[in-house]
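> Listed below are the residues making up each chain.
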Amino acid sequence: MKNLIIIGTGGFALEVYEHAQNSLGYGSEYIIKGFIEGNIPCDYEKYKSLPANVFGNCIEYQICENDIFFLAIADPIIKEKVANIILDKGGEFINLIHNTSVVSKHAKLGSGIFLGAFSIVTGDAIIDDFVMINTYSGISHGCKIGAYSSVMGHVGINGNTIIGHHSYWGSGSRCLPGSRIGNNTKIGAASLVLKKVKDNSTVFGVPAKYI
Amino acid sequence: MKNLIIIGTGGFALEVYEHAQNSLGYGSEYIIKGFIEGNIPCDYEKYKSLPANVFGNCIEYQICENDIFFLAIADPIIKEKVANIILDKGGEFINLIHNTSVVSKHAKLGSGIFLGAFSIVTGDAIIDDFVMINTYSGISHGCKIGAYSSVMGHVGINGNTIIGHHSYWGSGSRCLPGSRIGNNTKIGAASLVLKKVKDNSTVFGVPAKYI
Amino acid sequence: MKNLIIIGTGGFALEVYEHAQNSLGYGSEYIIKGFIEGNIPCDYEKYKSLPANVFGNCIEYQICENDIFFLAIADPIIKEKVANIILDKGGEFINLIHNTSVVSKHAKLGSGIFLGAFSIVTGDAIIDDFVMINTYSGISHGCKIGAYSSVMGHVGINGNTIIGHHSYWGSGSRCLPGSRIGNNTKIGAASLVLKKVKDNSTVFGVPAKYI
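Quick note, the sequences are listed as chains A, G and Z, same order.
Position one of the first sequence corresponds to residue 1 (this note's numbering), numbered consecutively onward.
Position one of the second sequence corresponds to residue 1 (this note's numbering), numbered consecutively onward.
Position one of the third sequence corresponds to residue 1 (this note's numbering), numbered consecutively onward.
Treat the hints loosely; a few may be bogus.
Where chains are identical, the list cannot tell them apart; a pair therefore holds if satisfied intra-copy or between any two copies.
Capping the alpha-carbon separation at 25 Å, the derived lysine-lysine pairs in PhoX-like fashion look like this [what the hints assert, rightly or not]:
(1) 209 - 144
(2) 198 - 46
(3) 105 - 33
(4) 196 - 186
(5) 186 - 198
(6) 48 - 108
(7) 48 - 144
(8) 48 - 105
(9) 46 - 144
(10) 195 - 209
(11) 209 - 186
Calculated directly from the structure, the hints in this document are not laboratory data.
Construct the entire structure; sequences and hints are all you get.
Written out as C-alpha cells, the structure is:
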C-alpha cells in the first residue's frame with residue numbers, strides 16, 4: 001500500500017482529494033496521506049474540515065518510504081516546475097483515473113496523469129506525462145497530447161489531433177479532427193480550433209483566432 | 001415510504017418521471033404516485049401510456065399523508081410561484097439526484113434540487129433550494145448557485161463562481177472561474193461569460209454580451 | 001450467439017470495436033468476428049495488434065450464418081450507400097448501445113444505431129435507422145432524428161426538435177428547443193441553431209448562419 005501526497009492546496013486540490021478517493025486503485029493500491037504546498041501557500045482554514053494533513057511545502061518536504069505523489073496544479077508551466085522539485089528528490093508520480101472514466105486498453109498513458117469524472121480516452125490515443133484531462137472531456141482515436149498539457153472540462157479533442165507540450169485547453173473548447181496544435185499554446189474557453197495553432201500562441205472564439 | 005408527486009405535466013415532467021426512477025432512494029425511500037399540473041394544463045394524451053396518474057392541478061390538490069413533491073418546471077420565476085403554492089399548504093420537497101451523478105460529500109444541497117444524469121457537483125459547492133442542474137453539467141469547487149436557478153445541459157460553472165437567485169443558464173453555456181452572476185439573469189445557450197453579469201440582465205455569445 | 005462484423009476500417013472503426021465490447025449484449029448476444037472494408041481501403045498496419053481479422057471489402061464479402069453487421073462510418077451519405085450493399089445481400093444490422101448510456105424505456109430506436117459512452121436519450125424521443133449519437137450527446141423529450149443522421153460528441157438536441165434524414169451535427173453543436181432541421185443538413189462544430197435549418201444547407205456559428 002502506497003501513501004499518496006497531493007501537491008497543491010488550492011481549490012483544485014480539494015477536487016483532486018475527492019477524485020483520488022474515487023479513482024481506480026484507491027484503498028487497495030494507495031490511501032491519501034495528505035497535502036503539501038506547491039507554488040502557493042496553503043489557506044489552512046479550507047483544510048481544517050478534511051481528514052488529511054498539510055505537511056508544509058514541496059521544497060522542504062522529505063520523501064518517506066511508500067510515498068507517491070500527484071500534482072493538483074492546472075497551469076502547465078507551474079506543473080513542470082513543481083514536478084521537477086519532487087522528481088529531483090526521487091519522488092514518483094501516479095495516475096489518478098476516475099472510476100467513471102472510459103479508457104481504451106489500447107491507449108498509452110504516461111505518469112502523473114489526471115483523468116476526470118466521465119472523461120473518455122479512446123482507441124490508440126497517447127497521453128504524455130502530467131497531462132490533465134478534466135471532467136466530460138473526450139480524447140478520440142489517433143490523438144497525441146504532449147507533456148504538462150491541461151484540458152479543462154467539456155473539451156473535445158477530435159480524431160487524429162496532435163497537441164504539443166504545455167498546451168492549455170479552456171472549458172468547453174474543441175478542435176476539428178486532424179488539428180495540429182503547437183507547444184506552449186492556450187486555447188480559450190468555448191473556442192473551436194479549425195486546423196492549426198502555432199507554438200507559443202493563444203487563440204479564442206468560434207472559429208478560434210490568434211489574440 | 002413516501003409517495004412522490006411530480007408537479008408539472010410538460011415534456012420536462014416526462015423526463016423527471018424517468019429521472020426519479022433512476023435517482024438515489026427510489027423504491028426504498030419513495031415511489032412515484034403521479035403528477036399534478038403546475039402552471040399549464042396537462043396534455044392528457046401524452047400521459048396515457050404512463051403507469052402514473054394526473055391528479056388535477058396544484059392549487060386544488062389536497063396533500064395526503066406521506067406525500068412529497070418535486071417541481072418539474074425549468075423557468076425560475078414560475079418555479080418559485082408554484083413552489084409557494086405547495087409550501088403554503090405544508091408540502092415538502094425532496095431532491096432528485098440521478099444515480100449516475102457525482103456529488104461531493106462536502107457540497108451543501110438545499111431542497112427541491114434536480115441533479116441530472118452525469119451531473120457533477122464538486123468540492124465545497126453550495127446549491128440553494130429549487131436549483132436544477134441538468135445533464136452533463138458540472139459545478140466546480142467554491143461555487144454557489146442561488147435559489148430557483150436553472151442550469152440546462154452541458155453547462156460548465158467553473159471554480160469559485162457565485163450565482164444569484166433566479167438565474168437561467170442555457171444549454172452548453174459556461175463561465176470563467178471566479179465569475180460573479182447577478183439575480184434574475186439569463187445566460188444564452190452556447191455562451192461564455194468572462195467575468196460578470198449584472199442583476200436583471202440577459203447575455204449571449206462567445207464572449208457573452210448584454211442584449 | 002451472433003457474430004458481429006464491423007463495416008469500416010478507419011479510426012472510427014477502432015472506436016466502434018471497443019465500444020461494441022462495452023455495449024449491452026456483448027458476450028451474451030454477440031461476439032466480434034472482425035471487420036470488412038466500407039468505402040475506403042484498410043490500413044492493415046493499424047489492425048495488426050487487434051485480436052480481430054479484416055475480411056476484405058463489403059462488396060465481395062459473403063454473408064455467413066449468424067453474421068450481423070454494424071456500420072462504423074460517420075458520413076451520412078456513405079452510410080446509406082454502404083448499408084444498402086449489405087441490406088441487398090440480406091444482412092441485418094444491430095444497435096450498439098454503450099453500457100454507460102442512459103436510454104429511456106419510452107424512446108423508439110430503429111436499427112443500426114450507435115449510442116456512445118455517456119449518451120442520453122430521454123422521454124419519448126424517436127431515433128431512426130443508422131443514426132449515430134456519439135459520446136456525451138443528449139437527445140431530449142419529444143425529439144425525432146431522421147435516418148442516417150450523425151451526431152458527434154458533446155451535442156445537445158434540446159426538447160421537441162425535429163431533425164430530417166442525413167443530418168450531420170459537428171462536435172459540441174446544439175439547438176434551442178423546438179428547432180426544425182431539414183434533410184441533408186450540416187451543423188458546424190460548436191454552433192448553436194436558434195430555430196430552423198433548411199433542407200440541403202450548412203450552418204455555422206453562435207448563432208448558426210447559412211454558409
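> Decide, hint by hint, whether the structure agrees.
So, going through the hints one by one against the coordinates:
For the identical chains of this complex, residue 209 and residue 144 are intra-copy neighbours only, at 22 Å inside a copy versus 33 Å across copies, given an alpha-carbon limit of 25 Å. In this assembly of identical chains, residue 198 and residue 46 lie within 25 Å of each other by CA distance neither inside one copy nor across copies; the values are 40 Å within and 29 Å between. Within a single copy, residue 105 and residue 33 get their C-alpha atoms only as close as 30 Å, which misses the 25 Å cut-off; across copies the closest is 19 Å, which meets it. Within a single copy, residue 196 and residue 186 get their C-alpha atoms as close as 12 Å, and across copies as close as 22 Å, so both meet the 25 Å cut-off.
In the homo-oligomer, the alpha carbons of residue 186 and residue 198 lie at most 25 Å apart inside one protomer (10 Å), although the nearest pairing across protomers, at 28 Å, exceeds that limit. Within a single copy, residue 48 and residue 108 get their C-alpha atoms only as close as 38 Å, which misses the 25 Å cut-off; across copies the closest is 17 Å, which meets it. With identical chains, the CA atoms of residue 48 and residue 144 are at most 25 Å apart between copies only, with a shortest distance of 20 Å across copies and 40 Å within one. With identical chains, the CA atoms of residue 48 and residue 105 are at most 25 Å apart between copies only, with a shortest distance of 15 Å across copies and 39 Å within one.
With identical chains, the CA atoms of residue 46 and residue 144 are at most 25 Å apart between copies only, with a shortest distance of 16 Å across copies and 36 Å within one. In this assembly of identical chains, the alpha carbons of residue 195 and residue 209 lie at most 25 Å apart whether taken from the same copy (11 Å) or from different copies (21 Å). For a Cα distance limit of 25 Å, the shortest separation of residue 209 from residue 186 qualifies both inside one copy, at 11 Å, and across copies, at 22 Å.
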